[in-house]
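These two chains come separately, so use the hints to put the complex back together.
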Amino acid sequence: MAVDTPASRNALAGLRQVPIQELVLPVVIVALLIAGIIIKPDVFPTSDNLLNVLTQASITGIIAIGMTFVIATGGIDLSVGSVLAAASIAGGLLADNGSYTFMLGAVGLAVLLGAINGLAITWGKVVPFVATLAMLTIARGLALWMSDKTPISLAELDILQRIGSSRLLGVPIPALVFLAVTIAGWVLLNRTTFGRHTIAVGGNRSAARIAGIRSNRVVFAVYVLIGLCVGISAILLSGRLASASPVVGNLVELDAIAAVVIGGTALTGGKATVTGTFFGVITFALIFNLLNLLNMPSEIQGIVKGVLILAAVALQRRD
Amino acid sequence: MKLPRRLVVMVALTAIALTACTEEAKQEPAAPQGTSAPQAGGVTGRPVKVAFSAPGADHGWLKAITDNARKAAEELKVDLVLAEGTNDTASQVSQVETLISQKPDVLVILPQEGGALTPIAQKAMQAGIPVVNVDREFSTPAAFRTWIGGDNYGIGVAAADLIANELKCNGNVVEIQGVAGISVTEERTKGFTDGIKRCNGGIKIVASQPADFLPDKGLQVMETMLQGHKDIKAVYTHDDDMAMGAVQAIRNAGREDEMFITGAGGSKDAMNLIAEGGLYRATFLYNPSMSGSAISLAKLIAEQKGLSELVEPEVPSRIQLPATTVTKENVASVQSLGY
Chain A
527 MAVDTPASRN ALAGLRQVPI QELVLPVVIV ALLIAGIIIK PDVFPTSDNL LNVLTQASIT
587 GIIAIGMTFV IATGGIDLSV GSVLAAASIA GGLLADNGSY TFMLGAVGLA VLLGAINGLA
647 ITWGKVVPFV ATLAMLTIAR GLALWMSDKT PISLAELDIL QRIGSSRLLG VPIPALVFLA
707 VTIAGWVLLN RTTFGRHTIA VGGNRSAARI AGIRSNRVVF AVYVLIGLCV GISAILLSGR
767 LASASPVVGN LVELDAIAAV VIGGTALTGG KATVTGTFFG VITFALIFNL LNLLNMPSEI
827 QGIVKGVLIL AAVALQRRD
Chain B
207 MKLPRRLVVM VALTAIALTA CTEEAKQEPA APQGTSAPQA GGVTGRPVKV AFSAPGADHG
267 WLKAITDNAR KAAEELKVDL VLAEGTNDTA SQVSQVETLI SQKPDVLVIL PQEGGALTPI
327 AQKAMQAGIP VVNVDREFST PAAFRTWIGG DNYGIGVAAA DLIANELKCN GNVVEIQGVA
387 GISVTEERTK GFTDGIKRCN GGIKIVASQP ADFLPDKGLQ VMETMLQGHK DIKAVYTHDD
447 DMAMGAVQAI RNAGREDEMF ITGAGGSKDA MNLIAEGGLY RATFLYNPSM SGSAISLAKL
507 IAEQKGLSEL VEPEVPSRIQ LPATTVTKEN VASVQSLGY
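Going down the list, the sequences are from chains A and B.
Residue numbers for the first sequence follow my numbering, so the first one is 527 and each next one is one higher.
Residue numbers for the second sequence follow my numbering, so the first one is 207 and each next one is one higher.
Next up, chain B with everything else stripped away, as it sits in the complex (with noise of 0.2 Å):
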């Protein structure tokens, strides 16, 4: 009886620590590295320090972003110390303050809620160390030396351009939102409402509810609503990977010639959608690029330089990307972005 059981708790203790490597290996070029760091760089001394801290890569987008740090860290000979890898707010800020003690030149951060990271960020620009802020926005620009996003009002309005003048304002459409309460979703939804109102109620949007930003829902979600609705000319999603949910309940309904759909994001998957024709019309960029971009920014503000197009010596305080519109027409010329 007894070797059996200490048997399985060796199995389970390989399997967790398992799991626990190589989630550690994903975040290792982080700590250990980070302490040893201060080597000799080129002729300006020791290469530039950055520490970068985003919420854990269990989506699509997210995973792109660490991974477009890391690349880019790589590319521009950066020493980055990396903490990826919490979902939850408190041990952000805890990751923030070790990161913080490493004494990095600048701190990158996308935090998981703007507003609860802005304390942390605020002591780290008062102790001298620049923050770029990524994406989601801290409450008071005090809290970072330069703000680089995407634009998720931008995505609504987008969409509804680009589904008003397809439907030449007339016809009924559905909306599969993200996570309801969350700022990215009442931008996306506030966006396309305001957009679509130009076509003074010629657009109807007949049913509006959230999937998530998640497939398995985004699929539910739509099968219920091709139910209610026997027309249905366009499905604008806040999401790529939820739209591929909501494209495969089109097709299992059999109905992927009387509407289209558009995603958000730029994913692989989507675009590669997009290329083909048909159902899938449209994305909008909202690019995960932008934290390799961070990363540069973060070096030029180490080495105190400004974006070398600009006359302005320093760089600028808020780089917002645009939304880009991406179809059959232009994704050629996006597709090395997709994620």
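So that you can see chain A by itself, here it is in the shape it has in the complex (with noise of 0.2 Å):
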């Protein structure tokens, strides 16, 4: 890079510009993809395996498409993991009367969490990162509380059992979801009038304000979506889990947040993609697959995951 000519810079420029940041992701989950066939022909490759990844990619990935919305905003969201477990509870304690309360429960107990962060940071202009960090430790506590520390069995719900762990077509149902969410989020984030005012309102907020858009209902509204999407993950777990418990979920909101970012959605706001975030997810899940089926210890897969974030992100900066 020595060689400082306009043509070279203007290649450089143009190389940085276009293709490389959409690009990166499903350049590694190739690499990772090939990796696997190479390493660990007779297992990796197999239908089986890849929609396991796509399964267990399903809880946190379903979380993080509701995560991009959030940080188009220039937000955050630290509370979803306990969200999880509360939400689970909540539909665990409900469960007596079947699987659609259960149902009702997670995702009604979901979402009201997410609107009171959508009002503690609107009318209550607490900053989105300690909004949420106290509703990490109050939804925490709910959980615990609720549960009385104990897990709930739900061997009992055979709907929310199928749900979690039987076939459709013959992809998991978990899987289906995600996919579905995936989409969902992608059309309401490129094709309509409330994607359009997340990414202005991330932008610049003055200009927003003067462009007639009502931010704080915006804002509000992410708070509410990304609660949505953890009630449809509590669903998922609770399913696959067959019960529900007060400690699951640890630490989903910084791998959730950790796939938004590699997928190219800027913390800063104002920039978002659902599908990179969706390559951000697989990517991570296929890791995890990769260095399990390897029998690698832990710590290199966070080594690995750290080392991934850092080169992603450092790829994809602008200008």
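You may find that some hints are simply not true.
[Said to hold, decoys possible] Simulated restraints, written as ranges between beta carbons of each label pair:
(1) A/GLY832 / B/ASP294: 22 to 28 Å
(2) A/PHE720 / B/GLN308: 55 to 61 Å
(3) A/GLY738 / B/GLU319: 55 to 61 Å
(4) A/ASN742 / B/THR304: 40 to 46 Å
(5) A/SER573 / B/GLY483: 29 to 35 Å
[To be verified] With a straight-line Cα cutoff of 25 Å, these simulated SDA-like cross-link-like pairs (lysine to any residue) come out:
(6) B/LYS439 / A/THR572
(7) B/LYS436 / A/LEU819
(8) B/LYS436 / A/GLN827
(9) B/LYS283 / B/LYS511
(10) B/LYS410 / A/GLN827
(11) B/LYS439 / A/SER573
(12) B/LYS410 / A/MET822
[To be verified] Partner residues are not named here, just some residues of chain B that face chain A (Cβ under 10 Å, in silico):
(13) ALA386
(14) PHE419
(15) THR430
(16) GLY451
If you're looking for bench data, these hints aren't it; they were derived computationally from the structure.
Ideal Cβ placement from N, Cα and C applies to all residues, glycine included.
Here it is as structure tokens:
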């Protein structure tokens, strides 16, 4: 790069501007797939294993799609892991009346807590980091208190368990739900006024206000939206576990944020990509799968993940 | 605009107060009661005052630890000053400092981390307050009058024994560990690998991964192990709660006839599954009843008595509880200890 001719500079700028940002993750994913096929040819490339990767990605993935909207407004939600546990427990407490009341309870509480986050941030004027940090401890406390610190068995809930563990057209239901949420998220962000407003609010709030966008409403809505995503994840997770436990969801917030960030959504807001988030989630799920299949120690997994976050974000930096 | 905002702040505050209250309610028999303590007891004067500190009860086992301590204190008519609920080593240190300032007869501590709580425990000992150390051991014997705990290494050995016998020293085994890098996990792993050596390679540990004692992690790790290994005979896990996630992964994959699983700890759920028979073959006690025993020991120390069945007139300085193997055969006899 020592040669600083205009031509080379242009070529570099061109390279950086258009494709690299969006190509980084697909390239990484393809590399991981090839590595998997070479290292574990008998196990890794089977449809069973790849569907397993998609299923395992679903819980964090659905939350990450919601997180994309939150981060697009320049916000953050640190409470999702705790809310996931609280929602599972809320559902579990209503489980005596069947799977549907479970779902109602789980989604209901998650949306409620999301709405409280939204209110604290908009009307309460608490910065998102602090508001959702507070909710992180409140929701975990609620989960432990409501459950008396004991897991609730959901072995009686047939429908719920079927949602968690059976297949439709050969694809596990959690994976299907994840794909559906991703598509819905893409449409919402790229093809609706709400999506445009979300980006506008994150880009420049005063400009958005001048343009007649009611920022508070948009911000409130994205926290409700991520609450809904967490509620859906709570249903899938509890179905898969056949129990509701107050300790689940530990550090899910960081996994979700990491996926969003390596996907190319800017933490400062104003730029977001649902496809990027989807690829980010898949990347981490593939790494977990591969390193586990190789029986690598978990600390290696931490290092690989961290290096990847740094590398991906560094490659995506603009200008 | 102003009214709703104030309203919301109020609602939020109420919500915070509510969670704070329930937290407090759980640790309430603590400070205020302690300070107003000295009431007339029996003929021997005031009741023995024991201060108790343990990490936050956010795991089934730790919850049982606190519950059992409280129950034992009630039964023994001990005046218990209980400080529960911190997962941070530094704040447990200051918690213990506060407890010492209330001048208890005996201090019972289950440290978040043995090494970090050692200096403060030693200070208590020097101030003439005997310390009963529960579970995670202090780094020097000078920091406790007596230690009571389970046998992590023994859990590994007992599990290796059971698995070796059931499999006749032949087959693939996977291990799901607790939190990587803590002594509990390391000892449970070491006991198992040492114990399995007697099969001379007949039993292979084909995979070994941590799942942090958490059920959702147990599910994920097991799912991937099931993908990677098409012939697994047994699953050795470090914890009953976490094993529940692994059980579900095996069931979801429809492979419950291929293998069996063992837990550790002795939770009610695990014991129920063991009684049913089948997939969940055994667990190994690491019983939270030890905190109840610790309160008894504290009382004996304060009264300068020994264990009545022993010849010696004082409490021994170490008591290690065995990692009793619980299977379908004996589960009925220990089910009451389940947490």
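Taking the Cβ atom of A/PHE720 and the Cβ atom of B/GLN308, is their distance within the range 55 to 61 Å? Distance hint for A/PHE720, B/GLN308 holds at roughly 57 Å.
For A/GLY738 and B/GLU319, compare the CB-CB distance with the range 55 to 61 Å and indicate the outcome. Check passed, 56 Å falls within 55 to 61 Å.
Using the C-beta atoms of A/SER573 and B/GLY483, is the stated range 29 to 35 Å upheld? holds, 34 Å
Kindly confirm whether 22 to 28 Å is satisfied by the beta carbon distance between A/GLY832 and B/ASP294. Holds - the Cβ-Cβ distance for A/GLY832 and B/ASP294, about 24 Å, lies within 22 to 28 Å.
Please verify that hint: B/ALA386, Cβ, nearest Cβ of chain A, below 10 Å or not. Nearest chain A Cβ about 5 Å off; hint holds.
Given the hinted pair B/LYS283 and B/LYS511, is their alpha-carbon gap at most 25 Å? The given pair, whose Cα atoms are some 16 Å apart, holds under the 25 Å limit.
Let's test the interface hint: is any C-beta of chain A closer than 10 Å to that of B/GLY451? holds, 6 Å
B/LYS410 and A/GLN827: Cα distance at most 25 Å? Roughly 23 Å separates the two Cα atoms, so the pair holds.
Is the straight-line distance between the alpha-carbon of B/LYS410 and that of A/MET822 25 Å or less? Holds, because 16 Å separates the two Cα atoms, which is no more than 25 Å.
Would the pair B/LYS436 and A/GLN827 pass a check requiring their Cα atoms to be no farther apart than 25 Å? Status holds; Cα separation ~23 Å.
Pair hint outcome, B/LYS439 versus A/THR572 [Cα-Cα no greater than 25 Å]: Holds - the C-alpha atoms of A/THR572 and B/LYS439 are around 22 Å apart, at most 25 Å.
Return holds or violated for the Cβ distance of A/ASN742 and B/THR304 against the range 40 to 46 Å. For B/THR304 against A/ASN742, whose Cβ atoms are near 44 Å apart, the range 40 to 46 Å holds.
Violated hints are absent here; each numbered hint is respected by the structure.
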